[in-house]
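S.K.: Using the sequences and the hints, build the whole thing.
There are 2 protein chains.
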Amino acid sequence: MLILVTYDVSTETETGKKRLRKVAKVCTNYGQRVQKSVFECRVTQAQKEELERKLLAIIEVTEDNLRLYRLVEPIDKYVKEYGNFRAVDFEKPLIA
Amino acid sequence: MLILVTYDVSTETETGKKRLRKVAKVCTNYGQRVQKSVFECRVTQAQKEELERKLLAIIEVTEDNLRLYRLVEPIDKYVKEYGNFRAVDFEKPLIA
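These protein sequences, in sequence, are chains Z and U. The end of the first sequence is residue 997 by my numbering, with every number in the run present. The end of the second sequence is residue 997 by my numbering, with every number in the run present.
Fair warning: there could be bad hints in the mix.
One copy or two, either will do: identical chains are not told apart, so a pair holds if it fits within one copy or between any two.
Stated by the list, open to error - As a list, the in silico DSSO-like pairs of lysine-lysine whose alpha-carbon atoms are at most 27 Å apart:
| hint | residue 1 | residue 2 |
| --- | --- | --- |
| 1 | K978 | K918 |
| 2 | K981 | K919 |
| 3 | K978 | K955 |
| 4 | K919 | K978 |
| 5 | K949 | K923 |
| 6 | K949 | K918 |
| 7 | K926 | K981 |
| 8 | K981 | K949 |
| 9 | K949 | K919 |
| 10 | K955 | K926 |
The hints are simulated quantities; they were obtained by calculation from the structure and are not laboratory data.
M.R.: Rendered as C-alpha cells:
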C-alpha cells in the first residue's frame, strides 16, 4: 500500500527542527520526502505498523501532529504537483 | 471525492506566511484544515478544478510546492492521527 505521512511540528524551535529531521530520516527508509513535512511511503501492513511505532517514539504528542493517510493508486494518476520542492533542513546533519 | 491538499512554503518570511493564510482561507471553503499546511477537502471534479485554479493564483511556483492527493475512503478507516493540532497562524487576520 502507499501511504502519505504528514507531520506538523514547529520548526521555529531547535527541538522541533531536530524532531523533523528524525522523522524524515525514519520515513526515507520507507519512501521519499516530497515536501518539508510530507512523505510518500510504500509499505506492507507490517512495515506500516513498524513505521508508526518508530515515529511515535520520536514525536511529542503534546506539541506535534502526525497523520498517516492511505492513498488512491496509481499515484501518477491521483496526485497533482505544482511548484518546486525545497527541502531546506534535509541536508543538514542529524544532531543527536 | 476526498482530496488532501498539502502546501509547502517557507513561513519564515512574511510573504510566505501571507500565502499560507490565503491558501488556508481558500481550502477551508472546500474542507477542513488538519495541519498547518494540510487540508482535507471533499469536492466534486468541478470543485477540484476550481480549487486548483484558485490555489495556483496564490502560490509562487518558483518558491512553493503544492500537492493534491486522492484519498482512500472511508477516511475514518484509512487515516491515523496522533498528537494535537495547533494551527498557529490560522487565527490571525488575513492581511491583503
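S.K.: Are the hints correct? Go through all of them and say.
M.R.: Hint check results:
no.	hint	in the structure
1	K978 <-> K918	neither (33 Å within a copy, 30 Å between copies)
2	K981 <-> K919	between (29 Å within a copy, 23 Å between copies)
3	K978 <-> K955	between (30 Å within a copy, 21 Å between copies)
4	K919 <-> K978	neither (34 Å within a copy, 31 Å between copies)
5	K949 <-> K923	within (17 Å within a copy, 34 Å between copies)
6	K949 <-> K918	within (24 Å within a copy, 33 Å between copies)
7	K926 <-> K981	both (25 Å within a copy, 20 Å between copies)
8	K981 <-> K949	both (24 Å within a copy, 11 Å between copies)
9	K949 <-> K919	within (23 Å within a copy, 35 Å between copies)
10	K955 <-> K926	within (11 Å within a copy, 34 Å between copies)
The structure is inconsistent with the numbered hints 1 and 4, although it conforms to all the rest.
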